[in-house]
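Visitor: Taking the hints into account, I'd like the entire structure generated from these sequences.
Number of protein chains: 2
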Amino acid sequence: MLWKFSHRAQSLKSSTIREILKVTEQANVISFAGGLPSPDAFPLTEIRAAANAVLESNDIYGALQYGPSEGYKPLRLWIANYLSQRDNVTVSVDEILIVTGSQQALDLIGKTLLDSNDKVLVETPTFIGALQSFNQYNPQYVAVASDEDGLIPDSIDDEVARTAKFLYSIPNFQNPTGRRLSLSRRQALAAKAKQNNLVLIEDDPYGDLDYQGQRLPALYTLAPENTVYLGSFSKILAPGLRLGYIVANRQFISKLLPLKQASDLHTPSLTQYIAYQIVSKNNFLSDHIPKIRQIYGSRCQFMLQSLAKYMPQEVSWNQPEGGMFIWVELPEYINATELLKEAISQKVAFAPGETFYVHSEKNNCLRLAFVTVPEEKIDTGIKILADIIKHHIH
Amino acid sequence: MLWKFSHRAQSLKSSTIREILKVTEQANVISFAGGLPSPDAFPLTEIRAAANAVLESNDIYGALQYGPSEGYKPLRLWIANYLSQRDNVTVSVDEILIVTGSQQALDLIGKTLLDSNDKVLVETPTFIGALQSFNQYNPQYVAVASDEDGLIPDSIDDEVARTAKFLYSIPNFQNPTGRRLSLSRRQALAAKAKQNNLVLIEDDPYGDLDYQGQRLPALYTLAPENTVYLGSFSKILAPGLRLGYIVANRQFISKLLPLKQASDLHTPSLTQYIAYQIVSKNNFLSDHIPKIRQIYGSRCQFMLQSLAKYMPQEVSWNQPEGGMFIWVELPEYINATELLKEAISQKVAFAPGETFYVHSEKNNCLRLAFVTVPEEKIDTGIKILADIIKHHIH
Numbered sequence: 031m032l033w034k035f036s037h038r039a040q041s042l043k044s045s046t047i048r049e050i051l052k053v054t055e056q057a058n059v060i061s062f063a064g065g066l067p068s069p070d071a072f073p074l075t076e077i078r079a080a081a082n083a084v085l086e087s088n089d090i091y092g093a094l095q096y097g098p099s100e101g102y103k104p105l106r107l108w109i110a111n112y113l114s115q116r117d118n119v120t121v122s123v124d125e126i127l128i129v130t131g132s133q134q135a136l137d138l139i140g141k142t143l144l145d146s147n148d149k150v151l152v153e154t155p156t157f158i159g160a161l162q163s164f165n166q167y168n169p170q171y172v173a174v175a176s177d178e179d180g181l182i183p184d185s186i187d188d189e190v191a192r193t194a195k196f197l198y199s200i201p202n203f204q205n206p207t208g209r210r211l212s213l214s215r216r217q218a219l220a221a222k223a224k225q226n227n228l229v230l231i232e233d234d235p236y237g238d239l240d241y242q243g244q245r246l247p248a249l250y251t252l253a254p255e256n257t258v259y260l261g262s263f264s265k266i267l268a269p270g271l272r273l274g275y276i277v278a279n280r281q282f283i284s285k286l287l288p289l290k291q292a293s294d295l296h297t298p299s300l301t302q303y304i305a306y307q308i309v310s311k312n313n314f315l316s317d318h319i320p321k322i323r324q325i326y327g328s329r330c331q332f333m334l335q336s337l338a339k340y341m342p343q344e345v346s347w348n349q350p351e352g353g354m355f356i357w358v359e360l361p362e363y364i365n366a367t368e369l370l371k372e373a374i375s376q377k378v379a380f381a382p383g384e385t386f387y388v389h390s391e392k393n394n395c396l397r398l399a400f401v402t403v404p405e406e407k408i409d410t411g412i413k414i415l416a417d418i419i420k421h422h423i424h
Numbered sequence: 031m032l033w034k035f036s037h038r039a040q041s042l043k044s045s046t047i048r049e050i051l052k053v054t055e056q057a058n059v060i061s062f063a064g065g066l067p068s069p070d071a072f073p074l075t076e077i078r079a080a081a082n083a084v085l086e087s088n089d090i091y092g093a094l095q096y097g098p099s100e101g102y103k104p105l106r107l108w109i110a111n112y113l114s115q116r117d118n119v120t121v122s123v124d125e126i127l128i129v130t131g132s133q134q135a136l137d138l139i140g141k142t143l144l145d146s147n148d149k150v151l152v153e154t155p156t157f158i159g160a161l162q163s164f165n166q167y168n169p170q171y172v173a174v175a176s177d178e179d180g181l182i183p184d185s186i187d188d189e190v191a192r193t194a195k196f197l198y199s200i201p202n203f204q205n206p207t208g209r210r211l212s213l214s215r216r217q218a219l220a221a222k223a224k225q226n227n228l229v230l231i232e233d234d235p236y237g238d239l240d241y242q243g244q245r246l247p248a249l250y251t252l253a254p255e256n257t258v259y260l261g262s263f264s265k266i267l268a269p270g271l272r273l274g275y276i277v278a279n280r281q282f283i284s285k286l287l288p289l290k291q292a293s294d295l296h297t298p299s300l301t302q303y304i305a306y307q308i309v310s311k312n313n314f315l316s317d318h319i320p321k322i323r324q325i326y327g328s329r330c331q332f333m334l335q336s337l338a339k340y341m342p343q344e345v346s347w348n349q350p351e352g353g354m355f356i357w358v359e360l361p362e363y364i365n366a367t368e369l370l371k372e373a374i375s376q377k378v379a380f381a382p383g384e385t386f387y388v389h390s391e392k393n394n395c396l397r398l399a400f401v402t403v404p405e406e407k408i409d410t411g412i413k414i415l416a417d418i419i420k421h422h423i424h
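Protein sequences, first through last, are from chains B and A. Sequential numbering of the first sequence, starting at 31, is according to my numbering. Sequential numbering of the second sequence, starting at 31, is according to my numbering.
The hints are simulated quantities; they were obtained by calculation from the structure and are not laboratory data. Errors might be hidden in some of the hints.
As the list claims (entries may be wrong) - Lysine-lysine pairs mimicking DSS-like chemistry, simulated, CA-CA at most 30 angstroms apart:
1. B:Lys149 <-> B:Lys407
2. B:Lys103 <-> B:Lys311
3. A:Lys43 <-> B:Lys103
4. B:Lys34 <-> A:Lys222
5. B:Lys371 <-> A:Lys103
6. A:Lys43 <-> B:Lys43
7. B:Lys43 <-> A:Lys34
8. B:Lys149 <-> A:Lys34
9. A:Lys103 <-> B:Lys407
10. A:Lys52 <-> B:Lys103
Nothing here was measured: the structure is a model prediction, and the numbers come from that model.
Guide: The structure is reproduced here in structure tokens:
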């Protein structure tokens with residue numbers, strides 16, 4: 031059989047880094063490579079109770095039947111209300127579409143906005159999962175310069191902003207860097223978007239995970255007309271539910287809806303009913319989110335201490351204020367992908383930086399995920415990594 | 031804000047029929063329009079027990095965490111074993127990819143195989159949901175002539191077969207016609223595919239629902255190299271789980287996988303764990319499927335009797351041997367979409383035929399779904415429909 035694949039499928043490259051990281055699935059590897067949330071933060075009791083409540087009531091028929099492509103209406107109403115309160119804005123239920131995880135939101139954004147060779151602005155570095163979704167629609171990436179405070183709006187050329195299909199950003203505790211976009215940068219980006227009719231895709235899976243609970247204004251509140259906001263239950267409930275949502279104005283939602291329908295008809299009813307049952311309980315999230323912040327914040331502190339204890343002075347890293355990742359910068363002459371091979375031979379893994387750049391210009395950085403590794407293993411793993419790096423310092 | 035949508039999104043037309051059918055969601059409408067499976071056939075007890083078993087055991091961590099894009103391995107192994115036994119073939123776990131309902135399989139097939147203007151062969155009439163998925167990739171449809179025995183392989187031009195990207199078919203109890211492709215046509219289609227390097231997409235959501243339990247050989251057993259088989263749990267467990275699977279050779283699966291990953295990362299872990307827990311119980315499906323056949327078969331018989339009792343002799347319909355649909359043919363001068371408006375004003379609904387044709391050549395047919403309507407309402411609804419039709423007979 032000679033298969034006749036689409037150009038899209040033919041152009042897919044298998045990831046060498048994914049191959050390297052496959053070995054890290056062994057139990058005896060200390061892995062800082064993955065992006066999994068901590069199972070210690072899953073609300074097991076509430077999930078069990080919610081599943082019971084759905085399956086033992088008349089809700090069971092709705093939870094098992096086909097449902098609307100927009101999503102389960104009570105869940106959409108709850109989200110509208112949650113966002114309206116949290117972000118002090120007015121979000122209506124018609125502006126919300128439930129998706130099968132934020133990854134599906136990224137695919138639907140690509141479907142709705144991208145033709146071949148369209149320009150897309152991305153942070154430097156940026157989230158690899160977003161690139162994988164957008165790549166299906168063959169865009170041209172324009173990398174936006176970034177520093178400790180996130181992307182730099184002034185570095186965006188106005189002509190590029192006017193002609194790009196959208197700018198993709200994770201303003202809060204970005205994947206891979208853990209950086210948060212500063213307030214003044216948010217304001218500058220919102221102004222730039224308004225001036226240039228630029229669509230902002232605001233991906234916010236980690237937004238609730240600021241360790242101090244001090245949320246900065248979301249882009250969709252600063253430039254509501256221009257922004258498509260992506261929310262997720264993966265980091266505040268559990269990723270295995272695959273539940274996320276898109277917030278956008280009605281005109282955009284009306285274009286998304288038939289594409290969502292063509293993509294998977296609708297997100298599973300059962301997981302939507304269970305999630306609604308959990309989050310609609312009095313104060314559930316206002317009790318639960320501080321627990322996640324506590325777990326994640328203390329592991330972050332612990333890893334920062336280990337880094338300070340073991341790393342040579344030529345290595346630097348940031349101090350995240352939330353989320354799941356620390357971004358480490360090595361001297362320019364050290365290649366992080368080569369380092370990974372050595373680290374794996376000593377049973378430690380991380381995500382090498384080059385994966386996260388659209389133009390692969392830089393490979394002396396690495397991403398460390400700290401939330402799923404117990405403290406004693408964080409200490410051991412960072413020491414091993416530091417010893418390997420020291421061997422390469424000259 | 032001036033949105034810059036993709037050509038894909040711009041070319042979407044809103045469906046007038048969907049608008050007409052929106053009113054049928056009212057409780058007092060007798061609707062033969064939808065394609066919902068009957069909630070009477072949901073295995074409620076087993077679903078409750080399975081959810082409990084998953085959530086009360088250590089499985090809960092897997093069910094709530096990110097999982098592999100291929101799907102939950104025990105479920106894939108179970109499917110490989112089920113198909114191997116049912117269809118007397120050898121299916122390996124590497125040939126199976128779990129998807130978020132068969133609708134996602136159709137989207138992934140489009141992504142993997144279709145470039146703009148590629149030829150796709152479809153039955154006449156064909157499943158509208160498949161067209162919605164494929165339309166996203168802008169194919170050219172070639173309608174294959176069909177009759178009571180399903181599509182007619184001899185009518186397919188060899189040159190068209192050689193140059194088409196694939197042929198899409200529902201061989202068992204097709205949506206919308208309820209027709210089953212005969213054995214000799216299956217053999218002829220398999221031969222045609224092999225001769226012409228033609229990919230067959232075999233969509234089989236209703237395959238287990240033959241009322242007599244006499245399965246005909248699947249295309250993927252007759253032309254294994256050429257066929258991509260789509261299975262679904264929607265009609266044998268419950269559609270709200272959104273669980274389906276793709277069976278294809280490893281080369282094809284390896285092209286699908288990164289596109290699946292880019293589309294929603296993976297199908298929800300929770301629903302996969304629950305489904306596995308149900309189907310892996312001793313003989314569950316061999317006990318449960320006959321119950322569904324019994325419910326669906328007796329409702330089909332009942333509707334056939336009502337049609338015979340009330341319809342004028344100018345109207346004809348088929349005698350389905352399985353599935354959820356009867357296909358009714360009116361005299362050519364009666365337009366089914368116009369008829370629908372009248373029917374709705376009298377609180378009865380059906381799906382008008384024109385929706386299911388790629389070239390809209392025919393609109394004197396209609397699809398009747400019988401499985402969700404109680405018997406007394408089937409009788410009332412068919413009588414009302416027959417009276418309306420009689421008014422148009424001349």
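Visitor: Next, verify each hint and record whether it holds.
Guide: Here is how each hint holds up against the structure:
no. : hint                  : in the structure
1   : B:Lys149 <-> B:Lys407 : 43 angstroms, violated
2   : B:Lys103 <-> B:Lys311 : 16 angstroms, holds
3   : A:Lys43 <-> B:Lys103  : 24 angstroms, holds
4   : B:Lys34 <-> A:Lys222  : 17 angstroms, holds
5   : B:Lys371 <-> A:Lys103 : 28 angstroms, holds
6   : A:Lys43 <-> B:Lys43   : 34 angstroms, violated
7   : B:Lys43 <-> A:Lys34   : 29 angstroms, holds
8   : B:Lys149 <-> A:Lys34  : 12 angstroms, holds
9   : A:Lys103 <-> B:Lys407 : 29 angstroms, holds
10  : A:Lys52 <-> B:Lys103  : 16 angstroms, holds
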